[in-house]
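**Student:** Read top to bottom, the protein sequences are chains A and B.
Residue numbers for the first sequence follow this note's numbering, beginning at 1 and rising by one.
Residue numbers for the second sequence follow this note's numbering, beginning at 1001 and rising by one.
It cannot be assumed that every hint is accurate.
[Stated by the list, open to error] Which stretches of chain B does chain A cover? Using the computed rule of at least three CB atoms under 8 angstroms from a CB of chain A, they are:
#	region
1	1024-1038
2	1049-1063
[What the hints assert, rightly or not] Not the full set, but computed from the structure, chain B residues with beta-carbon under 10 angstroms of chain A:
#	residue
3	N1009
4	L1010
5	W1013
6	R1017
7	N1018
8	R1019
9	K1020
10	H1083
11	L1085
12	R1089
13	I1090
14	N1093
15	S1094
16	F1095
No lab work stands behind these hints, which were simulated from the structure alone.
Note that the structure is predicted; figures quoted are calculated from it, not measured.
We put the beta carbon where it would ideally sit given N, CA and C, even for glycine.
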Amino acid sequence: MSTNEWSVTFEVFRQKKGQPAHYDEFVMKVDPDEYVLDVIERIWAYTDRSLTFRHACHHSTCGACGMRINGTEKLTCITPIREVTRDGGKVRVEPLRNFPILSDLVVDMGEFYLRLDEAKFPQVATLKEACLPFERKQQVREDGNFERLVDCLECGMCISACPVALTSPEYLGPAVLAAAQHALHQFNDKSLFDYVDNQDGVWRCHSAYECTAVCPSNVDPGWRIMDLRKNLLRHQISKIFSR
Amino acid sequence: MKNEPNSINLLRWFDPRNRKLGTWAFILNRITALGLTLYLFMHLIVLGTLARGPEAYDNFIKLAKTPIILIGETLVIAAGIIHGLNGIRIALNSFGIGTRYQQQIFIGLMVVAAGCIAIFVKSMFFGH
Chain A
1 MSTNEWSVTF EVFRQKKGQP AHYDEFVMKV DPDEYVLDVI ERIWAYTDRS
51 LTFRHACHHS TCGACGMRIN GTEKLTCITP IREVTRDGGK VRVEPLRNFP
101 ILSDLVVDMG EFYLRLDEAK FPQVATLKEA CLPFERKQQV REDGNFERLV
151 DCLECGMCIS ACPVALTSPE YLGPAVLAAA QHALHQFNDK SLFDYVDNQD
201 GVWRCHSAYE CTAVCPSNVD PGWRIMDLRK NLLRHQISKI FSR
Chain B
1001 MKNEPNSINL LRWFDPRNRK LGTWAFILNR ITALGLTLYL FMHLIVLGTL
1051 ARGPEAYDNF IKLAKTPIIL IGETLVIAAG IIHGLNGIRI ALNSFGIGTR
1101 YQQQIFIGLM VVAAGCIAIF VKSMFFGH
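Required output: the full structure, derived from the provided sequences and hints.
**Tutor:** Right under this line is the structure:
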C-alpha cells in the first residue's frame, strides 16, 4: 500500500424502483492503491446507507461486483483507483448495461442465469472438473495456454459490453453462447445446435469482440462464438451430404 | 437480457467511447452499410431519369461531373471497399480463421482500404 492520499469524486448512479435516475457525488479521501469496491463500501458505511450494490468475495472469484467504471465494465474488487483516475479526478460508477436495474448498482441477473442453464453450463463445477488437469476435453490455445470456461464467473460483464445486446434483448449473449460452445465440445450434445442456430443465437454476433476485451477471467467468449459458428457450419454441411 | 426498451440504445451503437478496436470495426460496418443502401436507392432514382431521353442523359452527365457528385462517388467507393474488406475479416472469423488476430487483421485490411481509396482518389481527381 502506498502512503499517498488522493481526493477523488465518485459519481454514483442512483435509481430506486419507479424513480428517475440521477448521479450522487461523494468526495472521498482514498489510497490510490485501494480498490474501487473498497471506496463504494466506505460510501455505504459512512455516508449513504441507502446505496445498494452487490459484492461478496473481494478477490474476483464470485463475479458479483461487476459494474461500469468510467464507462468500462470492471470487476470493482480488483480495479485499483489509480488505474481509473488521478488525484483530484472523478470516478463514475454505473450498473451493468443490458440488464434491468433493480436498485442503484444492482441489476437483475435472473434471466441470464436461466439462459446459462439452458446452454447446459454447469454453474457449480465438480472438484474433478474444476482442478488440474482441467476439463474433460482440453482446449489448448496456440500459445499453449488452456481455454477454461469453468473460469467464467457469470459476472455478466460480456453481456453489458456487447453492442448487439444494446438493441436485441432476446440475443442470447456472449456468456450463454460460450457456455453452449463449451457444452458442445465437452459432451458433444448436438441438441445445442438447435438452441443457438437462430436469429437471436450465434448469428446475431457482429464481431465487435468487446466481450473478450472486458472478460476478467480470460474466457474469450468472442473466440468461443466463432468456434461455435464454425462447428455449426460444419454440422449443417455434413447434414447435407449425409442425406 | 429483457431490458426496458430504449430507443437511445440504437444511437449507442455509434458511440466509440471506452470501446476497443472491434467496436470501431462494428461502427464502420454499420455506417458504410447504411451509406451503401442509401446510394442504391439514389442510383435507382437517377437511372429512372435516364429513361426520359437523350437530353435527360446529357443533363445527368453534366451533373455527374460536378465536384459534389465526384466527392459523393468517392465516398461510395470508400464505403464499398471498407465494408467489403471488413466483411472478409468477419467471414474468416466465422469460419474460425484468425479469430485471435482479428484486431491485426482489421488494421491490415484498413491499411489496404486506405491504399485503394487513395489510388481511386488520384485517378478520379488528378487522372486527366
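**Student:** Hint by hint, note whether the structure agrees.
**Tutor:** Against the structure, the hints:
1. 1024-1038: holds (count 3)
2. 1049-1063: violated (count 0)
3. N1009: With a closest approach of 4 angstroms, the B/N1009 hint holds.
4. L1010: Where the cut-off is 10 angstroms and the nearest Cβ of chain A is about 6 angstroms from B/L1010, the hint holds.
5. W1013: Since chain A brings a Cβ to about 6 angstroms from B/W1013, closer than 10 angstroms, the hint holds.
6. R1017: holds (6 angstroms)
7. N1018: At about 4 angstroms, which falls below the 10 angstroms cut-off, the nearest Cβ of chain A leaves the hint on B/N1018 intact, so it holds.
8. R1019: Check passed: Cβ of B/R1019 comes within 6 angstroms of chain A, closer than 10 angstroms.
9. K1020: holds (4 angstroms)
10. H1083: violated (13 angstroms)
11. L1085: violated (13 angstroms)
12. R1089: holds (7 angstroms)
13. I1090: holds (5 angstroms)
14. N1093: holds (5 angstroms)
15. S1094: At 5 angstroms from the nearest chain A Cβ, B/S1094 passes the 10 angstroms test, so the hint holds.
16. F1095: Holds: closest Cβ of chain A sits about 6 angstroms from B/F1095, inside 10 angstroms.
Going through the hint list in order, the structure does not satisfy hints 2, 10, 11.
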